[in-house]
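Residue numbers (our numbering), protein chains in the order written: chain X, 1 to 773; chain E, 774 to 915; chain C, 916 to 1426.
If you are wondering where the hints come from, they were derived from the structure by calculation, not from laboratory data. Being a predicted model, the structure only gives us computed values, none of them experimental. Note that beta-carbon positions come from the ideal geometry of N, C-alpha and C, so glycine has one too. Check before you lean on any hint, since a few could be wrong.
[Stated by the list, open to error] Every beta carbon over 12 Å from chain E, so not counted as near; a handful from chain C, in silico: (1) ALA921; (2) ASN938; (3) ALA957; (4) VAL960; (5) PRO1069; (6) GLY1181; (7) ASP1416.
[As the list claims (entries may be wrong)] Here are the simulated lysine-lysine pairs, DSS-like style, with alpha carbons at most 30 Å apart: (8) C:LYS1340 <-> X:LYS346; (9) C:LYS1271 <-> X:LYS151; (10) X:LYS366 <-> X:LYS100; (11) X:LYS366 <-> X:LYS448; (12) X:LYS151 <-> C:LYS1340; (13) C:LYS1271 <-> X:LYS156.
Spelled out, the chains give:
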Amino acid sequence: MLLTLAVIIGIPFLIGGLALVIPRPWNGWLALLAPATVIALGLPLWMEVGGGGEILVPLSWFPDLGLTADLFVNRLGAFFVMLIGIIGLGIVQYSRYYLKEDATGWFWFLLLSFMGSMLGIVLADSLLLLFVFWELTTITSFLLIGIDFGKEEGRKGALQAFLVTGVGGLALLVGIVLLGQLAGTYNLTELYAMSGEIVADPRHTIPLILIFLGAFTKSAQFPFHFWLPGAMAAPAPISAYLHSATMVKAGVFLLGRMFPIFSEAAIWLPTLATIGLITFLVAGWNAVKSSDLKQLLAHSTVAYLGVLTALYGFYARVGLEGELVNILNHALYKSSLFLLIGWMEKAMGSRDLAILEKERWIGREKLGATLIGIGAFAMIGMPFLLGFMAKDTFFYAVAEGPIEGLTLALVITVLASTLAVIYALKLWAGVFFGSEEPPTGRGYPRNKISIWLLVVPALLLLPQVVGGVIPAWYLGQVVEPGTTWQGVAFWQYLDVKLVITLAMLVAGYFGYRHWRAIAATPFLSKLPSVQRGGEGLVSGTLAHASSLSRMLQLGGHPRYGSIILLVAIAVVIGGVAFSGRTLFDHGLVWGPNPEFAWFPALVVAIAAVFTVTLRKRIPKAVMMAVVGYGMAVFYVFFRAPDLALTQLLVETVSVILLLLIFRRMPELGDDIRSVRRRVVHGVVAVVVGLTMGALAWAAGSYHVAERAGYEQIRLALPIAEGRNVVNVILVDFRGMDTLGEIFVLGIAAFGAYALFRGRRHRPAGPEAEEVKR
Amino acid sequence: MRSYILLAAARALLPVTVLFAIYMLLRGHNEPGGGFIAGLVTTAAIIIEGLAFGVAHTVRRLGRILTAFLVIGLGLAVLAGLIAVAAGDPFLTNYHWHMPLPGDGYVHLSTTLIFDIGVYLAVIASTTVAIGVFAGGEEETP
Amino acid sequence: MMNLVAAPVLISLMTAVVLLALNHRPGTQRIVSIVSHLLLVASAVGLLVPTLAGEVLVLTLGNWAPSVGITWVADGLSAVMVFFALITSLLVLIYSEGTFDEGDGVRNYFHPLHHLLLAGVCGSFLTGDFFNLFVFFEIMLLASFAMISLGARPRQLNLTFPYVLVNLVGSTLLLGGIGAVYGTVGTVNMAEVSLAIQTQELPAAFWAGVGLILLVFATKAALLPLFFWLPDAYPIAPIAVNALFASLLSKVGVYTLFRSVPLITGGEVGVIQAVLVVVGAATMLIGVLGALGRSGIRDILSFHIVSQVGYMVFGLAVFTPLAVAAGLFYTVHNIIVKTGLIMAGGIAERMGGSQKLGVIKGVARTHPWVAAAFFICAVALAGLPPFSGFWGKFFLAVAGYQAGMYAATTIAIVVGLLTLSSMLKIWLSVFWGEPSGNKEPAFGNSKGMLVPTLVLAGIAVVMGFGGGPIMHYSMVVAENLLAVTPYVDGVMQAGGISADDLAALREGVER
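Extracted from the complex, chain X is given alone in its bound form (with noise of 0.2 Å):
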C-alpha cells in the first residue's frame, strides 16, 4: 500500500522532472501518463474506502523526534485523488491543444508538481506532511500564474496570490505546532481518536483559529477574497485546475480533515457558516458586477467556496451528508467553464460580457453554447443537474433539517443564490443571446481551434447530467456509496423549496435583464476589503523598510566605533553586576611596583594626549612611538626583555612606515566636528580608556594559585630544553599562535600588495581620475 500511495503522489513529480529534458511535444504525451497512473491506481482505492473505512500507511521521517510521515486515505482523501486525477487528464489533454508551444518542459513541470503536491495533501495523515505539500501548492501556484512573467498583470496577481495564502500558510503552521503541542500528536488519526479532550481543553481555540486562517486564505473566504480574482491573469487551464477544481479546495479540505477533531468545538459552527455565507453573499455581488467573464467565474468560484465553507460549518448539526456531492459538483462545472471561456476566447476572440452582449453566437456555436448552457444550469442548480441535489443539500443543511422557518442564514442564501442565477444567466443568455450577428474576423478561424477545446469541457460536463438524471444510482453508487441518498430528485420535494426555487428563477431573471442597473448601484460597493489594507500595509511596510534601511547605515565609522565602544562598556559593567563583586574586592598591587613607575607613566599618558589632540600627522605618529616606548619600559619592570625588546622594534619599524606613508599623504585639515561631537567623542574616549584599564588593572592584580605560564616555566628547560621560556612559548608551547601570527604577517603584506597592484592596473575607467590622484 504505501508503494501505491507512493506512486500516486510521486509520479507527477517525476514525469515532471522527466518533461523538463524531453522536448516538446513528446513531453506533453508524457504528461498525459501522470493523470493517468493516478486514477489507475487510484480506483481500487475508492473501491476500497468509498464506502467507509480507512487506510493508515506509517512511514518514519524525524524518529528521534517524534514526527512521522504517515499516509492516510479514507472516503474524503480517495474522493479528491480521483477528482485531481480526473480533471488532471483532461487539463492535461486540454492543454497541449491549448497553449501548443507555450507548454513547455517548464510548464508541464510546475503543473505536474502542482498535481503530486494535491495528491500529497490529501494523502497525508501527518499534518506536518500536510502543510509541506500545502506550501509547495503554494509556490507551484505562484509560477504557474506568473507563466506569462511578460504582463505586469500575471506578476501582480501571482505576488497577491502569493503572499496572502503565505500569511494564511504561517498561521497554518502556527496553527499545527500549536495543535501538536496541546495533543501530542501531529497525526489525524491519532487526533480524531482524541478529539473530545481536545475540544475540552479551551486552549484548542487559538489553534484552531489558526487553522482556519489557513483554510480562508487557500479558499479565498472573505476578507481575502480579493486574490483569487487577482490570480486568473493564468491560462485557462491553469485558472480550471487550481483555481476552481482543485487547490482553492485545499482549505475546504483541510475544514474536512478537521472536522472530525474540532465539529463539536464552540466556535466551529458560527465561524465558518458566518464567514462562509458572508462570502457567498460578496463573492455572488462581485459576480453580479463582473463584465470580464473569467472575472465573472472567478467570483463565482469564491461564492461557492464560501457555500463548501458554510457546509462544513453546518454539517455539525445535520451530519456529513452530500458532502462529497457538492465538492464534486463545483470542480465539475465550474472547471468545464473556465475551460470553455478559455475556448470563447479562441472561438469569439473575447470573453468581454460588453463586446459579446451584443452578438448572437447561438447560431454558430451551438455545441458551445449547449455545453455553457449545461454549466450555468449546473451553476443555478437546475433539475436533472448534478448542481440540484448540490443545492438541495445546502439548503438542507442552512435549514438544519426541511425549511420550517425563515433564519438569517437562510435568508442570505436566497438571496446570495438569486444572484447565482444572474451570474449564470450573464454567462450563458449574455453571450449567445444577443441581437448581432457575430463578425467573423475576430478570433482564431475554426479549423485551427482543437476540438478537444470543447471535448475535454464536455467530457468533465457528462457526470452532471448523468448524476442530475439518474439521481439514485449515481450518488448512492458512485459518489457516495454505502448511504442511503434521501434527495433523489426534484418532484419529491413539491413544498416550500420548489416556491423559493422558482421565486430565485424569476427573480434572477429580472435581475439579469437590468445587471448593469443593478451593479451600478452604490449599495454594497464599498465593501470591507482587506486588499486595500493589504495593499496599503505592504507598501507601508517598504516605504518604512527603505527609511529604517538608510536610518541603520547612517552615521559613518565614528558613530559605529562609539557604538561599538559603548556596548563594551555595558558588558563589562554588566559583567561585573553578574559576578555580583567589585572589581578591586582582591586588592590594588599589580606586580612589581618600583617608586619611580609614576614617571613612565606620565610620559605615556602625556603622549596620549598629545597623539589624540595634535593636527598634523608626524608628531602624532612620533608621540604614538612615545607611547609605545613608554610601554617598553613596563616590561622592563616586570622583568621580560624579550617584550621589551620586541615593544622597541615593532614602535622603531612601525613608526618608519607610517612616516613613510604620511609623506605622501595631505596634512589634517581643521577639525570639524561640533563642539558638542568633540566632547561625546571625548568623554566616550575617556570612559572606555578607564574601564579597559581598570579592567586590565582587575586582571592582573588577581592572584591565581595555578596559571598555564607557571606550567610553562617548570616544562620549559627539562623538556622543551630552553632557558628562554617567552621564546619556549612561542616556538614550541604555543607554536600554533606563532605559526598563525605569522601568516597574519604575510597575509598584511601580500593584501597591501594586492591592493597597490589592484589600483594599478584597473583599466580606466570613471573612476580613473580619482585613481591618479
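Position chains E and C against the provided structure of chain X, taking the given hints into account.
Then chains E and C, alone, in the frame of chain X:
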C-alpha cells in the same frame, strides 16, 4: 640632499646587522632573542639602507628575494611542525638533537630552530614588502 | 592520527604558500587551488564521520597537555561547520572564475587569499583555546580585509572602511577580554575555563572579560546593535568574495557563540538567555526590514544575513536540545542557501552589469536554470517547505513555543513572510518581466558559474527532503553541546606532557 657618510655607513651596516640578527635568532632559545626579534632587527637594517638609497630602489633590488623569503619562511614554519606528523606525533611536536663537538661542547639542534628560522624569514619579508608597498611607487630613483 | 583535526587548516595554509609561489602562473595556480580544495573536503569528511558518532577528537599541539599548550578539538559542531564551509567555498572557488574581468589583476590574488581565509575560518572552528581563536580570527580578518578591497575602487574602499574599523576595534576588545580571563583563571583553554567556572568562585574581572569576548563574537555574528559593518561592505566587494563572506564569516561568529555559551554557562543560561532572546528577535526583525528597504540584489541579500543570524542565535537562546539542533540546522542551511542566492544573483549582475534592481529583467526567460536556482534558494531562505529552510524554522517554532517564548517565536514566523516579500522583490524585478539588458555575461564563463549555483540549490532541495537524518545528527550534536561534559572531558583526558609528568619524564630526558 644625500649624506655620503650615511651611504657609507648604511652599506657597512647591513651585513653587520644581519649577522647580529642571526646571532639573536640562534641564541633565542636560551637568551633574549628569537626569530621575531631577529626579523625586526633585519628589517630595521633594510629600512636604514632604504633611507639611504631610496626605499623603492632597495625593495626593488630585494624584491625577488623577499617574495622567496615569504614563501620559504611560511613554508618552513609549517614544515617544521609537519616533521612531527610524519613521525606520528601531534603537529608541532619538537625534537632535539645534541651533536657532540670535538672537545667538551656540543651543538644543540632542534626543530624549534627550523620553526624560528621560518618566523625570521617571514617577518623580514612581510614587514619589508609592506614598507615597500607604502613607500614605493613613483618615488624618485637615486 | 589526531593530526586530522588540524588537517583542514594545515592543508589550506600550505596551499596558500604554494599559491603565493605560483602567483605569476594563473593556470597552474587555479589547478593547484581546486585540487587541494578537494583534499580539504576529504579531510573534512574524515572529521565528520567519527564526530557525528559522538566522538570528540582532541589534538594536543606539540604534545603539550591542555594546561600547557594549545589544544584543538573537533566535535560534532566543529566538524559540521568545517564540512559545510569547505563544500560551499569549493563551489564558490569554481564559480569565482566567471566573476572576474579579464586582466583586472584580481584573479591572481583571489586564490591564495581564498585559502588563507579558509585557514582562518577552519582554525576558528577547530581551536579549543581562546587566544588561539584570536589568532585565527586575525588570519580570517586580514585575509578578508585584503579580499574585500580586491579591485580597489575608491567607492569600495570607502564603504569597506567601517568593516575594517569595527573589526579592528573588535580584535582589541577581544584581546582585552582574553587577557582578563587569563589574569583571573590562569588559562585560556576553553575546556579549562569552563571547568573553572563550574568549580570556582570567579572575580568580577573574569565575568567582564567573558562579556567582552561574547561581545566580539556577537559583533562577528553581526547581531544587533553591532551589525552595521556588514550591509554596506559586502555588496561592494567582488561577487565571489561576497558569496564567500556570506557563507563563512558571520557563521564563524555564530559558531563561536554556539561553542562558548554552553561552555560558559555550563547548561544554566539565566541572564545570558534573556539577552540572547531579545537580541536574536530584534536582529531578525531589524535585519529583514533593512533588507526590504534596499534596492540592489546583493544589497538585499547581504542585509538578510543579519536577519538570519538572529534566527540562529534565537535557536541557541532557547537552549533546549531541539532548539539548538534547529539553530544548527538553520545555520547549515543558511550557509548553503545564502551562497546560492548571491551566486545566482551574481550571474544576473554579470549579465546586467549592475546589481541594482531594474537594470536587468526577464532572466527567467533567458536563463531559466539560473532563475530556478535563485528561486529554490529564495523560497528556502524564506523557510517554505519542502526546502531546507523549513525544518530549521519549523523546529525552532516548536521549541520556541514549547519554551513559552511566544512573542519571539511569533516574530520569527512573521520574519519568514517578510523575507519572502523581499525575495519576491528581487524575483519580480530581475527574473520576471520581458527580457531586457544584456543577455550574456559581459565577461566570463556563465557555465562555470551556473553549475556550482545549481549544486547549491540542489543541496537545498536534498536537505529539505532529507531533513530527517540531518535533524537526527543535529540533535546528537546539540545534546552533546548542551551537556558540555563530553567536550570538557574529551579535552581534559587528551594527554600530552604537563608539569605532573616532570618527575616521571626527567630520567628519560637527561641524556
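Hints versus structure:
no.: 1; hint: ALA921; result: violated (5 Å)
no.: 2; hint: ASN938; result: violated (8 Å)
no.: 3; hint: ALA957; result: holds (16 Å)
no.: 4; hint: VAL960; result: holds (19 Å)
no.: 5; hint: PRO1069; result: holds (17 Å)
no.: 6; hint: GLY1181; result: holds (28 Å)
no.: 7; hint: ASP1416; result: holds (14 Å)
no.: 8; hint: C:LYS1340 <-> X:LYS346; result: violated (34 Å)
no.: 9; hint: C:LYS1271 <-> X:LYS151; result: holds (21 Å)
no.: 10; hint: X:LYS366 <-> X:LYS100; result: holds (25 Å)
no.: 11; hint: X:LYS366 <-> X:LYS448; result: holds (18 Å)
no.: 12; hint: X:LYS151 <-> C:LYS1340; result: holds (16 Å)
no.: 13; hint: C:LYS1271 <-> X:LYS156; result: holds (21 Å)
Hints 1, 2, 8 from the list above are not met by this structure, while the remaining hints are.
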